[in-house]
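Going by UniProt numbering, the residue at position 87 of the sequence shown is 87; the numbering climbs one at a time, nothing skipped.
Treat the hints as calculated values from the structure; they're not laboratory data.
All residues carry an ideal CB built from backbone N, CA and C; glycine is no exception.
A portion of the hints provided could be inaccurate.
[Said to hold, decoys possible] List time: in silico SDA-like cross-link candidates among lysine to any residue, alpha-carbon distance up to 20 Å:
#: 1; residue 1: LYS57; residue 2: ILE94
#: 2; residue 1: LYS13; residue 2: ILE42
#: 3; residue 1: LYS82; residue 2: GLN65
#: 4; residue 1: LYS13; residue 2: ILE69
#: 5; residue 1: LYS77; residue 2: LYS13
#: 6; residue 1: LYS77; residue 2: SER60
#: 7; residue 1: LYS77; residue 2: SER101
#: 8; residue 1: LYS82; residue 2: ILE119
#: 9; residue 1: LYS77; residue 2: LEU58
#: 10; residue 1: LYS57; residue 2: ILE119
[To be verified] What follows is a list of derived Cβ distance ranges for each label pair:
#: 11; residue 1: ILE113; residue 2: VAL25; range: 40 to 48 Å
#: 12; residue 1: ASN71; residue 2: VAL34; range: 48 to 56 Å
#: 13; residue 1: ARG124; residue 2: LEU58; range: 23 to 31 Å
#: 14; residue 1: ILE54; residue 2: PRO89; range: 17 to 25 Å
#: 15; residue 1: GLY27; residue 2: ASP70; range: 43 to 51 Å
#: 16; residue 1: ARG97; residue 2: PRO64; range: 48 to 56 Å
#: 17; residue 1: PRO89; residue 2: ARG56; range: 32 to 40 Å
#: 18; residue 1: ARG6; residue 2: ILE48; range: 34 to 42 Å
#: 19; residue 1: ASP99; residue 2: LYS13; range: 35 to 43 Å
#: 20; residue 1: ALA59; residue 2: PHE30; range: 33 to 41 Å
#: 21; residue 1: SER101; residue 2: VAL25; range: 54 to 62 Å
#: 22; residue 1: MET61; residue 2: VAL25; range: 40 to 48 Å
#: 23; residue 1: LEU35; residue 2: GLU112; range: 27 to 35 Å
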Amino acid sequence: MRIGIRMRGLIIKVSVFLSLAIAAVVGIRFVSPVLAPIIILILLILVILLNKLINRKLASMWGPQLLSIDNYAIYEKGIYVKPMDAFYPWSELIMVRNDQSIITFVFNDGTEISLSESIIESLRGCPCINRIDNAVGK
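I would like the entire structure built from these sequences, with the hints used as guidance.
Next comes the structure, spelled out in structure tokens:
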């Protein structure tokens, strides 16, 4: 399990924006009062642009989203559990159980995620599913 996109984004944004805030305070303190609003405006624009860039980079690090179901999002590189903000990469998958119409993924930390077999059928052709196919024996 890895920390999810919201927590990772929060950590990155706090570190980036805190350093920008410190730079703003130092910058405003040593410039004339006429330039202070310009510095604040430039930093605000920089914060907005950096926020978009960080969100885009974080969203693309798991590969494209293949499917989104209720509390789960299936990516090319793993499964994201939305309520827990946790990401489980396919590389940490240790076992797949096929129980009637439900497939249960068991990850190396003991987490079990159960999905309908029809969901897995809709992902046929994706390279990430090959390991699941081998484990299930289809």
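Hint check:
1. LYS57 - ILE94: Given pair LYS57, ILE94 is violated - Cα atoms ~28 Å apart, limit 20 Å.
2. LYS13 - ILE42: OK: LYS13 and ILE42 at ~17 Å, within 20 Å.
3. LYS82 - GLN65: holds (13 Å)
4. LYS13 - ILE69: violated (28 Å)
5. LYS77 - LYS13: violated (24 Å)
6. LYS77 - SER60: Holds. LYS77 to SER60 sits at ~11 Å (cutoff 20 Å).
7. LYS77 - SER101: violated (24 Å)
8. LYS82 - ILE119: Cα-Cα ~17 Å, so holds.
9. LYS77 - LEU58: holds (13 Å)
10. LYS57 - ILE119: violated (27 Å)
11. ILE113 - VAL25: 40 to 48 Å: Holds: the Cβ-Cβ distance is about 46 Å, inside 40 to 48 Å.
12. ASN71 - VAL34: 48 to 56 Å: Since ASN71 and VAL34 have Cβ atoms about 53 Å apart, the given range 48 to 56 Å holds.
13. ARG124 - LEU58: 23 to 31 Å: Holds, at about 28 Å.
14. ILE54 - PRO89: 17 to 25 Å: Cβ of ILE54 to Cβ of PRO89: about 21 Å, so the range 17 to 25 Å holds.
15. GLY27 - ASP70: 43 to 51 Å: 47 Å Cβ-Cβ, so the 43 to 51 Å window holds.
16. ARG97 - PRO64: 48 to 56 Å: violated (27 Å)
17. PRO89 - ARG56: 32 to 40 Å: violated (20 Å)
18. ARG6 - ILE48: 34 to 42 Å: violated (19 Å)
19. ASP99 - LYS13: 35 to 43 Å: At roughly 41 Å between Cβ atoms, LYS13 and ASP99 fall inside 35 to 43 Å, so the hint holds.
20. ALA59 - PHE30: 33 to 41 Å: holds (38 Å)
21. SER101 - VAL25: 54 to 62 Å: Holds: the Cβ-Cβ distance is about 59 Å, inside 54 to 62 Å.
22. MET61 - VAL25: 40 to 48 Å: violated (32 Å)
23. LEU35 - GLU112: 27 to 35 Å: The hint (27 to 35 Å, Cβ to Cβ) is violated, given that LEU35 and GLU112 are roughly 58 Å apart.
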